[in-house]
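The listed protein sequences derive, respectively, from chains A and B. Residue 1 is where the first sequence starts when you use the UniProt record's numbering, and the numbers rise one by one after that. Residue 1 is where the second sequence starts when you use the UniProt record's numbering, and the numbers rise one by one after that.
Derived by calculation from the structure, the hints in this document are not laboratory data. Hints should not be assumed to be uniformly reliable.
Straight-line distance between alpha carbons at most 20 Å, and here's what the computed SDA-like set of lysine to any residue pairs gives [stated by the list, open to error]:
| # | chain 1 | residue 1 | chain 2 | residue 2 |
| --- | --- | --- | --- | --- |
| 1 | B | K82 | B | E168 |
| 2 | A | K137 | A | R74 |
| 3 | A | K6 | B | F405 |
| 4 | A | K143 | B | F405 |
| 5 | A | K27 | B | L307 |
| 6 | A | K23 | B | A291 |
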Amino acid sequence: MFPYIKIIFFLVLCSLLVSCGFKDIDKRSFVVTIGIDKPENKEEGYDISLKIALPSSDPKTQGEEFIIHTETARTVSEAVRLIKAKSGNELDFGHMKMIVFGEKLLQEDITQIMDWFTRRRDIQKIAFVGSGKPTAKAILELKPKGERLPSNKLFLFFGETGTESPYVTTNYLFHFYRNLMDRGIDPYLPIIETKNEEFEITTMSVLKNGKNAIVLDKEETKTFNVLNREYDKVNLKIEQENIYFMLSVDSISAEYTIVETKNIPYIEYDVNIKGIIEESLQQLDNTKIDEYSKMVEDVFTTEIQNLLEKFQEKSVDPMGFGLRYRATHNGTEEAKWKKWQSIYPALQFRVKVQTDIKSTGIIE
Amino acid sequence: MRRIKSQADTLKQLLEENFKSTEDATFKTLDNGQDQIEMVYINTIVDNAKIHDLFLKPFFEIDKINKYVSYIKSLNDYKEYKNEKEAMKEVLHGAIVLLIEDEALIVGLKLQENSAVQNAMVEATIMGPQTALSENINTNINLIRHRYHVPTLKVEKPMLMGEKSKVELAILYDEQQVKPEVLKKIKNQLEQINEPIIQSSGELHRAIIQNNKRLFPHLMVTERPDRIAYNLSQGKIIIMIEGNPFVLIAPAVFYDFMSAMEDFYQPYWVSKFLISLRYIGLFISLFLPAAYVGITSFNPEVFRVQLAFSIAGSRIPVPYPSYIEVLFMLIMMEMLTEASIRLPKTIGPTATTVGGLILGQAATEAGLVSNIMIIIVAAVAISNFIIPINEMSFSMRVSKYLLLFLTTISGLIGLMIGTIGLIYYLVHLDSVGEPYLKLFFDEKKQQT
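Throw the hints in and build the complete structure from the sequences for me.
Here it is as structure tokens:
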């Protein structure tokens with residue numbers, strides 16, 4: 001009699017599928033950044049700081065204000081519960097795009113704390129991760145000049161919608177967690193420092209077994225980003241006895257193959273760089289362009305070689321050589337993994353850099 | 001001879017019974033010395049100016065009555081007498097009954113005061129024909145015949161509509177293009193109509209579709225002769241009704257309601273752009289209010305950070321939940337739209353200004369609604385009018401509340417389910433047996 005009754009019934013059923021409840025946007029407190037530190041005088045537990053944005057009804061001053069709530073608890077969720085009690089609104093993690101680990105926290109295994117981030121459904125897996133120096137809370141508290149929204153500057157740093165710099169290493173929560181759990185690749189974190197009321201993100205650290213293993217300096221960070229992401233907005237500095245110039249890179253490609261020989265296995269790393277000379281302290285000769293290319297190649301080969309050997313020395317593997325090995329060989333996982341662990345310390349790196357300098361950038 | 005004698009007498013008796021008490025009925029006896037004839041007509045609906053020339057003058061000039069009868073029979077609008085009932089109907093439709101001796105002669109001499117061709121108001125175009133139809137059915141057929149010179153164009157006037165209104169109805173179609181089964185179905189449905197009064201094509205539309213609780217128009221209503229001619233060439237059937245400058249086109253598909261005649265008059269890419277603009281407008285007016293509620297109250301993480309904060313900020317002074325805010329503003333907007341239709345043209349703009357600008361501004365200042373809400377309502381109102389056929393734009397105005405309701409109770413899932421439901425419903429509809437949610441009405445393309 002009622003042909004639509006089935007449809008209506010179906011619609012009503014579907015409306016029961018809704019998981020999240022009705023809560024107006026102004027009744028939510030948006031957490032923009034979470035900071036995790038080690039408590040100073042306790043052995044166990046964490047200091048959890050949440051940076052909560054306070055929207056204002058005046059569009060001109062909108063969103064400049066924020067509050068930071070800190071609680072100490074054994075687990076993140078306990079601390080979040082406690083903070084919830086302090087805040088009048090419902091905490092919303094939907095816009096939490098930055099997770100900062102305190103430097104001291106990284107001295108211990110952080111695998112356990114990652115649990116909360118991966119289980120909560122409302123945490124975006126594309127949140128950026130970073131390590132705060134000296135503490136995560138210090139990063140949260142910093143209010144750099146000209147910041148329109150709380151933590152927006154960090155989002156601009158890492159999201160590459162704003163600045164694009166080879167010194168800024170970007171890592172996402174999903175990627176970080178994957179690398180943390182996977183065998184054959186080690187996770188890395190950018191180090192966020194505060195200097196003169198501004199952020200400085202130029203270095204990074206590589207973790208091993210959830211702990212801080214090595215910290216790279218500026219130049220190493222740059223080289224890592226070039227290799228890892230084929231990051232082409234880079235300048236290379238060439239400094240020799242009577243020549244000093246900067247090569248601005250247009251495009252870069254870096255690929256490697258793991259070659260197994262009977263004696264010593266090695267990794268062949270091919271890097272191709274194309275670019276122009278951006279600045280020079282001397283008069284450059286267009287006919288000597290091959291010579292300059294050679295200089296670049298030499299410099300960059302050494303840089304890469306040193307970086308890779310440094311990783312090998314500390315037995316960390318942020319490039320994922322081990323993962324590549326596991327993916328391209330057959331056998332049981334255990335056997336492959338054992339084999340790789342015996343190969344890696346003895347591995348040789350053969351880096352080949354090919355440079356194509358298009359011009360010296362000078363009209364004669 | 002007996003039969004004819006009774007014909008004139010019974011008719012005269014019947015006419016006198018029915019019309020004697022009406023002021024505008026004329027019973028006239030003409031006498032030229034030899035013969036007497038009777039004239040009966042309703043003087044308000046016949047062309048009085050012509051009576052003298054057509055009937056009176058010849059009657060006194062022609063000396064033989066037989067000659068006069070054959071003169072009457074040769075007149076353009078002479079109609080043969082069938083029976084009393086038929087004759088009564090003719091009188092009501094502006095015919096003159098002449099009773100000559102025993103014979104009854106009927107001549108149509110209808111005068112209608114509504115044959116002026118009007119400017120296209122509802123479906124205006126920038127370029128292209130500027131005039132629409134008139135309210136006179138014959139003028140309309142004339143207009144269409146002048147746009148569609150094809151011998152296969154058939155005009156049928158199968159019946160009068162309505163038990164009491166008895167208005168004339170015409171069906172036009174191109175015999176070569178039309179699908180016979182559709183034509184048959186239309187005629188069938190027209191015959192089944194049994195409403196006392198039908199005065200507009202909208203009403204006829206309601207009566208034709210058996211399921212009269214419909215939300216979407218199943219047939220197209222148009223006032224443009226160029227659209228009619230185009231649709232005739234596409235094999236569609238035009239249903240016209242007396243006293244109405246709009247005609248029905250059957251069958252119609254969804255795409256027809258989204259197309260304007262302007263599309264044919266513009267360069268190819270311009271018209272493609274306009275069509276896509278219309279679909280964007282359709283989606284904005286349908287989904288925006290619901291999406292606002294769904295996103296702000298259920299999933300604010302969909303917004304960009306900046307937008308989320310600015311909406312949150314502008315909603316701080318608003319005391320009511322988002323769906324009440326939306327509903328309040330939408331209803332105000334509907335009131336404004338309705339009011340500006342009813343208002344005289346001279347006051348219309350004032351009402352819009354007062355309503356739109358001042359009310360919107362004041363509502364935000366007073367903290368009743370957020371700034372963003374005003375933008376949304378304005379976007380919805382404007383984009384709704386981008387739908388070229390008015391009937392469809394009304395339907396969409398109603399549908400958005402359905403989506404809003406579903407979203408309010410169940411978030412973005414509700415919006416999704418509502419959308420799917422709407423599509424299901426549109427797919428299930430048919431227009432005179434033809435599928436409704438079909439993008440193009442072009443059978444030939446599909447066959448090849």
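If you draw a straight line from the CA of A/K27 to the CA of B/L307, is it 20 Å or shorter?
Since the Cα atoms of A/K27 and B/L307 sit roughly 16 Å apart, the hinted pair holds (cutoff 20 Å).
Could you grab the alpha-carbon distance between A/K137 and A/R74 and see if it respects the 20 Å cut-off?
holds (17 Å)
Take the C-alpha atoms of B/K82 and B/E168, compute the straight-line distance between them, and say whether it is at most 20 Å.
Measuring from Cα to Cα gives roughly 19 Å; hence the hint holds.
Sort out whether B/F405 lies within 20 Å of A/K6, counting only the CA atoms.
Holds, because 19 Å separates the two Cα atoms, which is no more than 20 Å.
Given the hinted pair A/K143 and B/F405, is their Cα-Cα distance within 20 Å?
Violated: A/K143 and B/F405 sit about 42 Å apart, past 20 Å.
For a C-alpha distance cap of 20 Å, please report whether A/K23 and B/A291 respect it.
holds (14 Å)
In terms of the numbered hints stated before, the structure departs from hint 4 and from no other.
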